[in-house]
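Asks: Which chain is which? The protein sequence lines are A and B, in order. Numbering of the first sequence is given in our numbering, commencing with residue 13 and proceeding in unit increments. Numbering of the second sequence is given in our numbering, commencing with residue 13 and proceeding in unit increments.
What the hints contain is simulated information worked out from the structure, not anything from laboratory work. Note that the structure is predicted; figures quoted are calculated from it, not measured. Watch out, some of these pointers could steer you wrong.
No distinction is drawn between identical chains; accordingly, a pair holds when it is met within one copy or between any pair of copies.
What the hints assert, rightly or not - The calculated lysine-lysine pairs, modelled on BS3-like cross-linking and capped at a C-alpha distance of 27 Å, are:
#1 Lys-66 / Lys-125
#2 Lys-63 / Lys-100
#3 Lys-66 / Lys-129
#4 Lys-100 / Lys-66
#5 Lys-100 / Lys-205
Number of protein chains: 2
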Amino acid sequence: MSTPDRSPLEFYFDFLSPFGYFASLRVDALAARHRREIVWKPMLLGISVLKVMKLQPILDTPLKGSYIRQEATRYMRRHRLTLRRELKTPTMNPLPVARLFAWLSVHAHPYAKPFAKAAYHAYWQEEMDICTPETLAPLARTIGLPENVFAEAIADPQASQLLRRAIDAGLELGVFGSPFFRIDGEPFFGCDKLELIDDWLTQDGW
Amino acid sequence: MSTPDRSPLEFYFDFLSPFGYFASLRVDALAARHRREIVWKPMLLGISVLKVMKLQPILDTPLKGSYIRQEATRYMRRHRLTLRRELKTPTMNPLPVARLFAWLSVHAHPYAKPFAKAAYHAYWQEEMDICTPETLAPLARTIGLPENVFAEAIADPQASQLLRRAIDAGLELGVFGSPFFRIDGEPFFGCDKLELIDDWLTQDGW
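Generate coordinates for the entire structure from the input sequences, incorporating the hints supplied.
Replies: The structure is reproduced here in structure tokens:
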């Protein structure tokens, strides 16, 4: 299935992003359809949007906020997706879950993506808190992550460095939104780009 | 061809918007394919984006500015569009041309859309100035607008009121970008929504 001469598709997401969650439910099938590897990478809207771009949260932006709500519900209807959690400006702290994901990506790679999917589901569909070691522990168990590996990840101060390095690398490459995709260097922003990406992969670009 | 039981599709655009220009080249064919009327309406990014949303011009926004440039060239390659004028933060004053368009829309309706197309082409393909009565006059001539009608439009102080009324009406309806579409009340933002709109019209929504 893999094409060793090509780099994997890159999927960047923030756990607090509903559009990142929507994309997370579709990107693996998209990559598989084109026999491409795909790597999931963390990004933080709090850094790119609020600090680097100096914008306010999108749902708080006049005119655009209410448009985005309509676009999200239209997208969900079309792709038969749901969201139990209310769409509002996020107040959750994505750092603990993103740090754990960054650590797993390096030190326990096979668990990283299943963990991200479990965390996304818990947050957006179960309305669970995913912001503390206590709330992350049961998630780690559901994907079969050994208790001692979880304990090591939570205790390892390197986790925050790994996340920071991943975030900086994304910013260097121009990643600013969630979801964001890079395909052989070509950037695509937004979950409504998946159909375009499908065409891009089919035609090998244009 | 018309479907009297349905309101026309609404296409909102700013003359200084390259994405509005791209959309202007495609929207009439889209509407015709679905046997729908379409009405072209002015909007001003300087009001919605800069004043109401309090954002900076998109091409000046860190990270997003360079992304948008890449997206524009990718879009042009795909749809075989060109742009002679350089993509940079607009410095042109869109008020004179938008006022004339608003006036024509009310007082000389058959000339309004041809005028908008001629102005878009002159600005983006010929790199012409379209910001003064002197530069607008030859454009009006190319679409066959009688000299006396053009003179009346330019002299009529009502033109700025008509534009302001149109802009306010758009803002009331949540119009914030260029291009922006409203289809039976449903809002769509961005020229990369045309394929989605095509599906929306085919399926009569979802």
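Asks: Is it within a copy, between copies, both, or neither that the alpha carbon of Lys-63 lies no farther than 27 Å from that of Lys-100?
Replies: The answer is both: 20 Å in one copy and 23 Å across copies each meet 27 Å.
Asks: How would you label the pair Lys-100, Lys-66 (within, between, both, or neither) given a Cα cut-off of 27 Å?
Replies: both (19 Å within a copy, 20 Å between copies)
Asks: Measure nothing new, just compare the shortest in-copy and cross-copy C-alpha distances for Lys-66 and Lys-129 to 27 Å and report within, between, both or neither.
Replies: neither (29 Å within a copy, 36 Å between copies)
Asks: Is the C-alpha distance from Lys-100 to Lys-205 at most 27 Å within one copy, between copies, in both cases, or in neither?
Replies: both (23 Å within a copy, 24 Å between copies)
Asks: Given identical chains, is Lys-66 near Lys-125, meaning Cα to Cα at most 27 Å, within a copy, between copies, both, or neither?
Replies: neither (30 Å within a copy, 38 Å between copies)
In summary, the numbered hints that this structure violates are 1, 3.
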